[in-house]
Amino acid sequence: MLRTALHGLLLLSGVAGAAGVPELPAHLRDTGLYADAAMTQVRSEVLPFSPQYPLWSDGASKRRWIHVPEGTSIDATRPDAWEFPRGTKLWKEFSHGDRIETRYIERSVDGTWRYASYVWSADGRDAVLAPAVGVRDLPVPTAPGARYSIPAQDDCRACHEGAPVPVLGFSALQLSPDLQALVAGSTLKNLPAELLAHPPRIEAANPTERAALGYLHANCGHCHNDDGPLAVLEMSLAHRVGTKESAGAVLRSIVGVPGEFRIAGGTARVEPGQPEASVLALRMRSREPLQQMPPLGTSAVDLEAMSLIGRWIESLSVHQSK
Amino acid sequence: MYSLKMFVRIALVVAASFARAGEPPAAAAASEALARGKYLVTVAGCNDCHTPWKLTPEGRKPDMDRMLSGHPEALVMPVAPTPEQPWQMTAAATNTAFSGPWGVSFTANLTPDRETGLGKWTVRNFTETIRTGRHLGRGREILPPMPIPMYKNFTDEDLAAIFTYLQSIPVVKNRVPEPRLPAALASARR
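Protein sequences appear in the order of chains A and B. So for the first sequence, my numbering puts the first residue at 1; every next one is plus one. So for the second sequence, my numbering puts the first residue at 1001; every next one is plus one.
Simulated from the structure, these hints should not be mistaken for lab results.
Derived, one-sided and incomplete: chain A residues facing chain B with beta-carbon distance under 8 Å:
hint : residue
1    : Asp154
2    : Ala158
3    : Cys159
4    : Gly162
5    : Cys223
6    : Pro229
7    : Leu230
8    : Val232
9    : Phe261
10   : Arg262
11   : Glu288
12   : Pro289
13   : Leu290
14   : Pro295
Every residue gets a Cβ at the ideal spot worked out from N, C-alpha and C, and that includes glycine.
Pulled out of the complex, with its shape left as it was, chain A reads as follows:
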């Protein structure tokens, strides 16, 4: 009922575009994702994809799609900063049983990136552009805490513009098993031959470490990397397929490193053998707004991930300290 009322308000309010910039479509059905007005069939030209290390979104199930304009390809010359053609569109649909929102990223004709979210009506027949400031605590009985927040466009930028390119889940590492198909289908061009012959994987000491570093890459690396604005923190959790010993660089920036943030019990970003003394794990487990990591986009702890991170830290020996 409340979602229906909110949906009506969004329709009435409308969202104006900035001067000189075309307005974002008011309805999801006008963004080019669906083949039918009922929004049940995705257009055949739109490609579904699934990153191997997904972002935690409080347990929401997600579907993702990308579309590049006909006759264009993504340029993979720079293996960690793919160049997406103008007109590229990406969608990510979030569901807790019913569809709640679909996030949308578009590379405009002038080369800039735009971010939006479309909120689904309770009956699933429409999805309307959310206000730029987002929507806090939308009542969704099936979501954790029965509440769901739509991000503000500034929140979108905070995460997506901390990385070399704003597209986070469509990359050489994330789509490692799919690279050959992407090249064969001409979605991707200029991928270095080495990556085609040997699809990239995180060079870790064991499968647990590989899974842990992959999780940190996907959930933290878009901000915590060594070439974005947070490079000043000297903590990189992003894996670079174009860099030798990338995993080693990640480990050197966290294992046994004190860091700046102080939290009760924490002695290092990652204290070998001691998850309970590792600031990284303590902040991931917290949902205090002043401590939690990530600071945006989640209000529920990923318990499965905490188990993984805990097992990985326990497996580290003291000699691995910096």
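Following the hints, position chain B against chain A.
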């Protein structure tokens, strides 16, 4: 096409600007930004909260020996008294720690110390912090009474000038405490 007269006029203006500043254009621009930044930091009241206040024979005033170094690390604040409504906020005598409905906030070290201040920051870090009201533009929210809703309206040029000035002031090593949530909220969110 420029006439000879116009060419001479332009040349004279350029020469005069060099002579006036006595330095090349880039240095003059940097000098201007520094002066502008100092002016903005002064009139925007940054010292009111980011410089610890001390008692002097003339009354309480900012301790400029610790200019813009934030809440003193050595000053551990006890739990603040709960004010009687409609009073809402409690401030430390240094005017660097504030307790209110948001919890307890401590003013940041704005000096260019690399470990405890802004020494490693870039102008982008600074601009994004003020513009978004989030630490480094993407972390935790900056708490009251920092007037983010007003300061986010600074132009990029003004923020760059402020940052230029802040990077020029004396280094003070002072690690400011992390902010605290209200006790009830903190226990509920753990």
